[in-house]
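Using the sequences plus the hints, can you model the full thing?
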Amino acid sequence: MHDFTWLLILFRIVGVLVGVSAAIFVCWLLAGRKFPQHLTSAVFGWLLLIVLWGVGGYALTTRYALGLGAVTNLSDQFPWGIWKALVLCGISFAAGGFLTACMVYIFRIRTFYPILRPVVLAAYLGYMLSASGSLLVDLGRYHQIWRPIFFWQHHSVLFEVSWCVMLYTGVLTVEFAPILLDKLGWHKLAHVVHSITVPFVICGVVLSTLHQSSLGSLFLIVPNKLLPLWYTPQLPILFFISALASGFAMAIFVSALAFWTFRRPLEPRVLTALAKGMTPVLLVYLFLRVVDLTARNAWRYIFENPLQGASFTVEMVLLTAPLFVVLRTRWSGRRRWAFAAAIPVIVGVILNRLNVAWIGLLPATGADYVPSWIETVVTLNLVSVGVVIFGLAARYLPLFEHATPGEHAEVPAHVPA
Amino acid sequence: MISRRRFLQASATGALTVLGARGVFAKTKADPADAAAVLVDLTRCIGCRACENACRVRAGFPGLPTAPIGYGAGDGQLTFRTRTFIDFRNGNSKQHQPVKRQCMHCLEPACVSVCPVAALEKTATGPVVYHENVCIGCRYCILACPFGVAKYEWDNALMPRVGKCDFCADRQAEGRPPACVAACPTGTLKFGTRGVLLQEARARMSAQPNRYVAIYGDEVVGGTSWIYLSATPPEELGFPKGLPPGALPQLTWKAIAKLPFVVIGVGLLLSLVVRWRTRSGHA
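Top line first, the protein sequences correspond to chains Z and A. Each residue of the first sequence is one higher than the one before, starting from 1 at the first, in the numbering used here. Each residue of the second sequence is one higher than the one before, starting from 1001 at the first, in the numbering used here.
No wet-lab data here; the hints were simulated from the structure. Think of the CB as a built atom: it goes at the ideal place given N, C-alpha and C, for glycine as much as any other residue. Certain hints may be false.
To be verified - Only part of the chain Z face toward chain A is listed, based on derived beta-carbon distances under 7 Å:
no., residue
1, SER21
2, PRO79
3, ILE106
4, ARG147
5, HIS155
6, VAL157
7, THR209
Stated by the list, open to error - Listed next, the stretches of chain A that the computed footprint assigns to chain Z, with coverage defined by at least 3 CB atoms under 8 Å from CB atoms of chain Z:
no., region
8, 1098 to 1108
9, 1127 to 1136
Given below as structure tokens:
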């Protein structure tokens, strides 16, 4: 064992160097292929990313060299940790993709056409990084991640989820491809892809309905381990509806942030329309949640488990608060308030996923799991990769092409009915 | 239009496949009464750990350390290497009750139902076995096991395995009893078929109602292949609380079985919306 120490050190050094140089490279690209001349606030962003990816290089190489036991706080008592939770959180966050595509291509609501590209891209990155990326570090045999393609076990929710996510990533590729093809100048191919978009969007909505709800079904098998504040036979339905709410919120968040950051004009009614769409979904979700908790007489667990009770309360407050913002007519017309209503919904749904996959499992399993620093750093790295790729795409791809005032109202004529 | 029709056809085919596949499962499942089982009469156990030692040796790990009399302590819990052990615990204040722990070999195992690649298999003869070459290391089985039996080889960086009792499926195939049963000197463990052993458990209980309190494994999570006869209520012996009497995979199957209808329903609905929005001149 001792003889391999130097090899491990070498491996880690390579990891850090790769991380740092990749960070410098993408910062250079993000800054418009130049290095900063003056000490601006952007430089601190550079340094933050370089440190994060450098430490990430160390963390990843250590994980692959030493295995899960050495770098994570996972145990036989608590086999699923923050990386699995990231899959749930990332996929619920990415729900905005199928929702916006559905509103634009199926319901043909023109208002949302300008935000289609940035939101679909964010969803794409959410799936790639939270699902594939997270699983590539989390799976004990990450090199066999492709196995569910050939080894079928249709009684397994995880099998179904992995197939849905694989297929839906393909759908997102088709939805996203025109942006890339336009950039490359392959307009004929872009036209062909455009012409098959509607059936693909239908497939995408079906697949999303399936796997968003199935992420809740994953936990149906542990009735004795998940606290009744969250365990209910209705988990799949609740997961789907909260994913819808999260999807609206994510569409607001991503488009507002993207358009503001890159100083593009965005009509205020896009955001307020999304916030208004989010309201009934949240109301239905909260209604079902309250009815379900009351019917199962589960409210008492708030007081029996202090940590879980607090976490549950915060979750419910976060999901209720936006209603007060949106339902006040004086506020609801303003896009800043739409943005303010979206943040607690995103955080609330993420907290819900963390509660189901982590906090709510602690009392019955007797585990005291808290992610190790390597687990945390890798999680932050995966998120940062998504943010960086989004920034690069916003800089180098025609992401806001349909957002120019006057033009955006037109859904292209060649989209078939 | 063609692509939409083709899409609907495809989803209908998918739905039929999922619905049809359940029948395949039902056909291959043998009658659980004929499957291999072990009756554990806890009142006969003296806690000698001979089963624990035999299991370690058979699984290819070093045996238990020897003490002046008998065996010394092992891991004291199920681990990747310890697929069975004697759990010394005070069943009640008066009595010191050793309890043998190992995979219960559920009739409808949660671990088998959750595995996305079928690395775990409930064989027709009874044992729940693990195919390590298929495993992707998602550890869903460890989360799902209601008895906390499946354990992971956390320190293996490249090819970590799940470790659990496999009921000595290889020995059973040769017509021999599991290593632990063969090693038991007191007759605590009795190997046989589930139907016969369950009858025997009930017979022993009715013959000596003052000696026995409960049978465990006949009903819990749909029944297990390992059946315990105990002088103490099972919940006082560290068996998990709050488990439903029905099989756990049924909880999940209720949700999965609805998915074909979701596919058809959502697909049809969206197609109708596309049609409606096109007709009303939004194209």
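How the hints compare with the structure:
| no. | hint | in the structure |
| --- | --- | --- |
| 1 | SER21 | 25 Å, violated |
| 2 | PRO79 | 4 Å, holds |
| 3 | ILE106 | 5 Å, holds |
| 4 | ARG147 | 5 Å, holds |
| 5 | HIS155 | 5 Å, holds |
| 6 | VAL157 | 6 Å, holds |
| 7 | THR209 | 5 Å, holds |
| 8 | 1098 to 1108 | violated (count 0) |
| 9 | 1127 to 1136 | holds (count 3) |
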